[in-house]
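*Asks:* Kindly produce the complete structure, drawing on both the sequences and the hints.
Protein sequence lines correspond, in order, to chains A and B. When you line the first sequence up against our numbering, it's residues 1 to 190, in that order. When you line the second sequence up against our numbering, it's residues 191 to 380, in that order.
These are calculated hints, taken from the structure and not from any lab test. The beta carbon of each residue, even a glycine, is placed where N, CA and C say it ideally should be. Each hint should be verified, as a subset may be incorrect.
Here's a subset of chain B near chain A, in silico, CB distances under 8 Å, partners left out [as the list claims (entries may be wrong)]:
| id | residue |
| --- | --- |
| 1 | M191 |
| 2 | S203 |
| 3 | L204 |
| 4 | G208 |
| 5 | Y210 |
| 6 | G240 |
| 7 | T245 |
| 8 | R342 |
| 9 | V344 |
| 10 | H374 |
| 11 | H376 |
A few chain B positions that, by computed beta-carbon distances, are all more than 12 Å from chain A [claimed, not checked]:
| id | residue |
| --- | --- |
| 12 | R192 |
| 13 | D211 |
| 14 | I222 |
| 15 | V229 |
| 16 | A233 |
| 17 | G241 |
| 18 | V254 |
| 19 | G255 |
| 20 | E257 |
| 21 | V271 |
| 22 | R272 |
| 23 | F276 |
| 24 | K306 |
As a list, the in silico DSSO-like pairs of lysine-lysine whose alpha-carbon atoms are at most 27 Å apart [stated by the list, open to error]:
| id | chain 1 | residue 1 | chain 2 | residue 2 |
| --- | --- | --- | --- | --- |
| 25 | A | K128 | B | K366 |
| 26 | A | K97 | A | K116 |
| 27 | A | K44 | A | K58 |
| 28 | B | K281 | B | K306 |
| 29 | B | K248 | B | K217 |
| 30 | B | K278 | B | K308 |
| 31 | A | K97 | A | K118 |
| 32 | A | K97 | A | K167 |
| 33 | A | K118 | A | K91 |
| 34 | B | K248 | B | K287 |
| 35 | A | K167 | A | K179 |
| 36 | B | K309 | B | K287 |
| 37 | B | K369 | A | K119 |
| 38 | A | K179 | B | K369 |
| 39 | B | K366 | B | K217 |
| 40 | B | K309 | B | K281 |
There are 2 protein chains.
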Amino acid sequence: MRIAFIIYDEMTSLEFVGVYDPLTRLKEMGFISDLEWDVCGVAKEVRGSGGLMFTPNKVGQPLVGYEMIIVIGGGGARTVVRDESFIKWLKTAAPCKLKVSVCTGSLLLAAAGFLKGKKATTHRNAMKELRELGVEVVDQRIVDEGEIITARGVTSAIDLGFYLCEKLAGYEAREKIRKQMDYHYHPQDP
Amino acid sequence: MRIAFIIYDEMTSLEFVGVYDPLTRLKEMGFISDLEWDVCGVAKEVRGSGGLMFTPNKVGQPLVGYEMIIVIGGGGARTVVRDESFIKWLKTAAPCKLKVSVCTGSLLLAAAGFLKGKKATTHRNAMKELRELGVEVVDQRIVDEGEIITARGVTSAIDLGFYLCEKLAGYEAREKIRKQMDYHYHPQDP
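*Replies:* In structure tokens:
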């Protein structure tokens with residue numbers, strides 16, 4: 001099981017770490033021992049929101065060989081959505097079975113052509129933009145369309161993390177991780 | 191208004207970013223224009239949980255001139271709590287008016303002598319350890335003792351962030367940040 005977290009300048013730091021923490025505990029707490037992940041970007045250093053710096057371990061490499069990609073959102077999505085080379089790079093993930101986004105990350109999935117005929121969500125301030133990219137937008141915290149799963153605003157990243165934990169490892173694993181993280185999980189909160 | 195975020199190896203990455211995100215939005219969304227913060231550590235690079243690397247902008251400098259310090263928790267707290275030079279460094283924050291911790295960060299506040307006569311909380315797995323440091327432990331998500339505010343397990347960092355936003359800038363500011371972050375704030379959830 002291999003996951004790619006896709007990050008870029010001015011992504012929201014909490015959206016990245018919010019989904020990364022519960023998911024990577026699947027390995028650290030022994031539920032999926034062969035879980036592997038890469039943090040993927042197009043530059044050696046990525047400046048997240050609040051000025052936090054992150055270092056991808058895969059830089060500019062094709063997004064192949066992953067069962068799941070997770071595209072993080074943030075203000076920077078509105079820049080990279082118009083960056084042809086970034087979208088071309090994102091398209092290398094086309095064969096990946098499960099494509100996931102947080103917040104405005106869905107704008108990037110749409111720009112790469114991955115949301116055709118799918119419902120999706122995004123940050124409430126970006127729903128108009130997502131609609132303009134031809135996507136049927138749903139105002140829900142998590143929208144699961146099988147091969148595409150999208151989460152709404154910033155902190156929905158954490159709910160998404162738990163949702164994916166359950167999908168990959170079952171209810172019991174998710175509950176153990178949730179308790180360890182002292183979280184109240186309400187994925188369909190309004 | 192100056193804040194010091196105190197980080198160290200094997201802190202929980204989400205505890206740091208979880209409180210950092212809402213608090214730093216106080217400046218970014220225009221509520222406290224003169225808000226400043228430093229990320230403080232004792233090494234140039236800090237390895238957070240899940241292998242995420244963070245770079246303090248203040249390394250080994252005395253923790254003076256801050257109105258608030260926020261000590262992050264995580265597995266690494268159990269190492270640094272026994273590290274005399276680290277605790278000596280933390281003690282330089284003694285004059286700081288507001289001392290805050292997330293999760294096992296309260297073990298470090300206790301080791302530095304800051305919790306004498308105060309109630310506090312910590313991760314449920316660490317309550318015994320905190321009691322053994324002479325602290326009256328309370329099983330609540332956030333415990334506010336005036337000069338000392340402690341938060342419980344991992345994701346309580348985010349509730350703490352909102353709690354501090356309201357304390358520093360009022361209810362309206364906190365609500366605007368909460369909506370922007372698509373969060374359901376229940377600071378006193380069981």
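*Asks:* All hints, please: hold or fail.
*Replies:* Evaluated hints:
{"no.": "1", "hint": "M191", "in the structure": "violated, 16 Å"}
{"no.": "2", "hint": "S203", "in the structure": "holds, 5 Å"}
{"no.": "3", "hint": "L204", "in the structure": "holds, 4 Å"}
{"no.": "4", "hint": "G208", "in the structure": "holds, 7 Å"}
{"no.": "5", "hint": "Y210", "in the structure": "holds, 6 Å"}
{"no.": "6", "hint": "G240", "in the structure": "holds, 4 Å"}
{"no.": "7", "hint": "T245", "in the structure": "holds, 6 Å"}
{"no.": "8", "hint": "R342", "in the structure": "holds, 6 Å"}
{"no.": "9", "hint": "V344", "in the structure": "holds, 4 Å"}
{"no.": "10", "hint": "H374", "in the structure": "holds, 5 Å"}
{"no.": "11", "hint": "H376", "in the structure": "holds, 7 Å"}
{"no.": "12", "hint": "R192", "in the structure": "holds, 15 Å"}
{"no.": "13", "hint": "D211", "in the structure": "violated, 4 Å"}
{"no.": "14", "hint": "I222", "in the structure": "holds, 14 Å"}
{"no.": "15", "hint": "V229", "in the structure": "violated, 8 Å"}
{"no.": "16", "hint": "A233", "in the structure": "holds, 15 Å"}
{"no.": "17", "hint": "G241", "in the structure": "violated, 8 Å"}
{"no.": "18", "hint": "V254", "in the structure": "holds, 22 Å"}
{"no.": "19", "hint": "G255", "in the structure": "holds, 20 Å"}
{"no.": "20", "hint": "E257", "in the structure": "holds, 19 Å"}
{"no.": "21", "hint": "V271", "in the structure": "holds, 20 Å"}
{"no.": "22", "hint": "R272", "in the structure": "holds, 23 Å"}
{"no.": "23", "hint": "F276", "in the structure": "holds, 22 Å"}
{"no.": "24", "hint": "K306", "in the structure": "holds, 26 Å"}
{"no.": "25", "hint": "K128(A) / K366(B)", "in the structure": "holds, 20 Å"}
{"no.": "26", "hint": "K97(A) / K116(A)", "in the structure": "holds, 15 Å"}
{"no.": "27", "hint": "K44(A) / K58(A)", "in the structure": "holds, 8 Å"}
{"no.": "28", "hint": "K281(B) / K306(B)", "in the structure": "holds, 14 Å"}
{"no.": "29", "hint": "K248(B) / K217(B)", "in the structure": "holds, 20 Å"}
{"no.": "30", "hint": "K278(B) / K308(B)", "in the structure": "holds, 20 Å"}
{"no.": "31", "hint": "K97(A) / K118(A)", "in the structure": "holds, 14 Å"}
{"no.": "32", "hint": "K97(A) / K167(A)", "in the structure": "holds, 14 Å"}
{"no.": "33", "hint": "K118(A) / K91(A)", "in the structure": "holds, 17 Å"}
{"no.": "34", "hint": "K248(B) / K287(B)", "in the structure": "holds, 20 Å"}
{"no.": "35", "hint": "K167(A) / K179(A)", "in the structure": "holds, 17 Å"}
{"no.": "36", "hint": "K309(B) / K287(B)", "in the structure": "holds, 17 Å"}
{"no.": "37", "hint": "K369(B) / K119(A)", "in the structure": "holds, 23 Å"}
{"no.": "38", "hint": "K179(A) / K369(B)", "in the structure": "holds, 25 Å"}
{"no.": "39", "hint": "K366(B) / K217(B)", "in the structure": "holds, 13 Å"}
{"no.": "40", "hint": "K309(B) / K281(B)", "in the structure": "holds, 19 Å"}
In the structure shown, a violation is registered for the earlier hints numbered 1, 13, 15, 17, in ascending order.
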